[in-house]
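Make the full structure from the sequences, and use the hints.
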Amino acid sequence: MVQSQSMTSCGGVIRDYKGHFIRAFLRKLRSCLILEAELWSLLFGMMMLKDAEMPNVIIESDCLEVVHLVNGGSSPGHTFVDLVDEIYFARNSFMEDVSLIDYSIIS
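So for the sequence shown, numbering that gives the first Met the number 0 puts the first residue at 0; every next one is plus one.
Check each hint, because a few of them may be wrong.
Stated by the list, open to error - DMTMM-like cross-link-like pairs, simulated, lysine to aspartate or glutamate; straight-line CA separation at most 25 Å: (1) Lys-27 - Asp-81; (2) Lys-49 - Asp-15; (3) Lys-27 - Asp-50.
Keep in mind that the hints were calculated from the coordinates and are not lab data.
Okay, structure coming up:
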């Protein structure tokens, strides 16, 4: 993730169960907070999984706050509640078996 005064971007990598590279993405965003960029990254990654017809996945993030928010920790008054709701909807509507959205330090 790259952030400056006027530009933010987000990205992600999809790997198979052996850790081999499948796809990656990078998206430009409007200027936003890091947490929002992390949430957008998760949503864009889920959309890419949908387009690739890869519904059976384990999703990992290096942002613990994102993991808590999308696993049910978002309150109605949260700044990014609409984005979290969109991720929650995507997770439950087109992904057959999202085993978990988990936190890990990706190395």
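A quick look at each hint next to the structure:
no., hint, result
1, Lys-27 - Asp-81, "holds (20 Å)"
2, Lys-49 - Asp-15, "holds (15 Å)"
3, Lys-27 - Asp-50, "holds (19 Å)"
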